[in-house]
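2 protein chains.
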Amino acid sequence: MKLVECVPNFSEGRRKEVIDAILDEIKSVEGVKLLDMEMDPDHNRSVITFVGGPEAVKEAAFRAAEKAAELIDMDQHRGEHPRMGATDVIPFVPISDVKMEECVEIAKEVGERIGNDLGIPVYLYEAAATRADRANLADVRRGEYEGLKEEIGKNPDKKPDFGPEKMGKAGATAVGARMPLVAFNVYLGTDDIKIAKAIAKAVRHSSGGLRFVKAMGFEIKERGLVQVSMNLTNYKKTPIHRVFEMIKSEASRFGVNVVEGEIVGLVPEDALLDAAKFYLRLNNFKKMQVLEKKMREG
Amino acid sequence: MKLVECVPNFSEGRRKEVIDAILDEIKSVEGVKLLDMEMDPDHNRSVITFVGGPEAVKEAAFRAAEKAAELIDMDQHRGEHPRMGATDVIPFVPISDVKMEECVEIAKEVGERIGNDLGIPVYLYEAAATRADRANLADVRRGEYEGLKEEIGKNPDKKPDFGPEKMGKAGATAVGARMPLVAFNVYLGTDDIKIAKAIAKAVRHSSGGLRFVKAMGFEIKERGLVQVSMNLTNYKKTPIHRVFEMIKSEASRFGVNVVEGEIVGLVPEDALLDAAKFYLRLNNFKKMQVLEKKMREG
Numbered sequence: 023m024k025l026v027e028c029v030p031n032f033s034e035g036r037r038k039e040v041i042d043a044i045l046d047e048i049k050s051v052e053g054v055k056l057l058d059m060e061m062d063p064d065h066n067r068s069v070i071t072f073v074g075g076p077e078a079v080k081e082a083a084f085r086a087a088e089k090a091a092e093l094i095d096m097d098q099h100r101g102e103h104p105r106m107g108a109t110d111v112i113p114f115v116p117i118s119d120v121k122m123e124e125c126v127e128i129a130k131e132v133g134e135r136i137g138n139d140l141g142i143p144v145y146l147y148e149a150a151a152t153r154a155d156r157a158n159l160a161d162v163r164r165g166e167y168e169g170l171k172e173e174i175g176k177n178p179d180k181k182p183d184f185g186p187e188k189m190g191k192a193g194a195t196a197v198g199a200r201m202p203l204v205a206f207n208v209y210l211g212t213d214d215i216k217i218a219k220a221i222a223k224a225v226r227h228s229s230g231g232l233r234f235v236k237a238m239g240f241e242i243k244e245r246g247l248v249q250v251s252m253n254l255t256n257y258k259k260t261p262i263h264r265v266f267e268m269i270k271s272e273a274s275r276f277g278v279n280v281v282e283g284e285i286v287g288l289v290p291e292d293a294l295l296d297a298a299k300f301y302l303r304l305n306n307f308k309k310m311q312v313l314e315k316k317m318r319e320g
Numbered sequence: 023m024k025l026v027e028c029v030p031n032f033s034e035g036r037r038k039e040v041i042d043a044i045l046d047e048i049k050s051v052e053g054v055k056l057l058d059m060e061m062d063p064d065h066n067r068s069v070i071t072f073v074g075g076p077e078a079v080k081e082a083a084f085r086a087a088e089k090a091a092e093l094i095d096m097d098q099h100r101g102e103h104p105r106m107g108a109t110d111v112i113p114f115v116p117i118s119d120v121k122m123e124e125c126v127e128i129a130k131e132v133g134e135r136i137g138n139d140l141g142i143p144v145y146l147y148e149a150a151a152t153r154a155d156r157a158n159l160a161d162v163r164r165g166e167y168e169g170l171k172e173e174i175g176k177n178p179d180k181k182p183d184f185g186p187e188k189m190g191k192a193g194a195t196a197v198g199a200r201m202p203l204v205a206f207n208v209y210l211g212t213d214d215i216k217i218a219k220a221i222a223k224a225v226r227h228s229s230g231g232l233r234f235v236k237a238m239g240f241e242i243k244e245r246g247l248v249q250v251s252m253n254l255t256n257y258k259k260t261p262i263h264r265v266f267e268m269i270k271s272e273a274s275r276f277g278v279n280v281v282e283g284e285i286v287g288l289v290p291e292d293a294l295l296d297a298a299k300f301y302l303r304l305n306n307f308k309k310m311q312v313l314e315k316k317m318r319e320g
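Residue numbers (the numbering used here), protein chains in the order written: chain A, 23 to 320; chain B, 23 to 320.
Hints are computed from structural coordinates only; laboratory data are not their basis.
Computed from a predicted structure; not experimentally measured.
Some hints could be false.
As the list claims (entries may be wrong) - Keeping only pairs whose Cα atoms sit at most 27 Å apart, straight-line, the calculated DSSO-like set for lysine-lysine is:
| hint | chain 1 | residue 1 | chain 2 | residue 2 |
| --- | --- | --- | --- | --- |
| 1 | A | 315 | B | 55 |
| 2 | A | 309 | B | 270 |
| 3 | A | 130 | A | 188 |
| 4 | A | 316 | B | 315 |
| 5 | B | 55 | A | 55 |
| 6 | A | 316 | B | 38 |
| 7 | B | 176 | A | 308 |
Chain A with its partners taken away, still in its complex shape (with noise of 0.2 Å):
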């Protein structure tokens, strides 16, 4: 079954009755669910989580960005968080059997409809880029909607991919593709924070480590441990399973076990079979061997 997840980031945090009319365009779709929704409101901003397939995905992300325009004005909207629209960043996530080629696609399909439907500038960002430069979503978002407002149309580095090259009140809105976070914990028998901080170094991919880990090291005062906290980016090319494995290496040269491993959130089902996978060396398992999975689509 085609799966793709849609994380829209929204600069509204207060509001509870503006999120709520973007979340009853986004039910409106039939064979969306709605995974998750968190308002901030010192940041000022919300994000909503949910699933379903492409086309239904595509048509509640326009949506919920069509009703965010509506009522959300940039003029007036104050927060910590970087931001440059009412329709902040919209990527699209392949969750099961949908390529990340496919949700570039995606992408391009409904930046181009809230460009040319909204009058909104949409820039590509991440998988969905069409400049190197605009990869990062920080470095798209840099200067904000303030900055942006003032740059647009003058400055051609900031030509939008669609839309016009001015803004409205509703901002600029980053439309891309990036794979799932996997949010993943290890816990160390220690309380030595710097040993935290040198594992977490030396897995991490700024200090040299696996491509798709961001690491940091923090104290759990509570439990007397000590703890890697990292985001991996792309669980299928740095599996969890690599991870975890180099961090009972590097643990071990300590003489520090790991005491347990956490994973927050969700987690794609297919980031857990494999490492399943590669534990129990099924070399040559097909994920359609899965009952579950053959009820549903065999």
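Given chain A's structure and the hints, the job is docking chain B onto it.
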């Protein structure tokens, strides 16, 4: 989502039109999904696998037994495999969100209906057995159709749980509840069959090993390897990872490596998620954190 598997065996493996008629009955029940069908002409026996919610599976099992009683005459049946009825055996198997006790109830309800409405003697077996000497299917079926026909009504040990104390041309049916079987093989990096046999003996229940493991050693000539071939009869109580780790440990004593694990046919999702949880030490993981599960059921 409540899912029960049903794997009825029918005493017909040659006349395809008979099996097709039985399959049509099963497929006529909404909410039932056919997973597999195997006709064996030598044994003159067929095995059908289907799944669905409790109510749907009950209805489909009854309709199948009714059709088999109509089309199969045990006085005409010849075949290698031990058998006592047109519908020889009906096991109900808990797959997800269903306890064994619920499958026992299902077995009793379906058994009673087959006994009363079709006039077929029904013996409850395995988890549904009402007497210790009926837990094992081989004991229930001893004497087969011809022997039981002689004994029933005379030998009080042969009094059925439901239905009359006499046999018609449809014979008798064993109805029960059991855990799903997981067919799990482990390949060893040696061509020495003695090592596979020694390890099979170490892990299997019958010779002192793990409670829910049946195991044999085989040569796999085309790969120049040997294999420990297993049926895991209760993956919840004897999980795959525990069997696998024991085989690794036993193999190391011979200086032999484990080359590969292999799951034959279907496996419940939970059995693999449990392996991932064990190896990644996810002690606080909840299955609702699996994105697809949350989407379907959350």
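Hints, one by one, checked against the model:
Under the criterion of a C-alpha separation no larger than 27 Å, the hint pairing residue 315 of chain A with residue 55 of chain B is consistent with the structure, at around 12 Å. Between residue 309 of chain A and residue 270 of chain B the CA atoms are separated by roughly 24 Å; this keeps the pair inside 27 Å, and the hint holds. Pair hint residue 130 of chain A plus residue 188 of chain A holds up; C-alpha atoms about 19 Å apart against a cutoff of 27 Å. Between residue 316 of chain A and residue 315 of chain B, the direct Cα distance comes to roughly 15 Å. Compliance with the 27 Å bound is thereby established for this hinted pair.
Among the hinted pairs, residue 55 of chain B with residue 55 of chain A is consistent with the structure: their alpha-carbon atoms are about 23 Å apart, no more than 27 Å. For the given pair, residue 316 of chain A sits about 24 Å from residue 38 of chain B by alpha-carbon distance, which is consistent with the 27 Å threshold. For a cut-off of 27 Å, the pair hint linking residue 176 of chain B to residue 308 of chain A is broken: about 52 Å separates their Cα positions.
Violation of the numbered hints given earlier is confined to hint 7; every other hint is satisfied by the structure.
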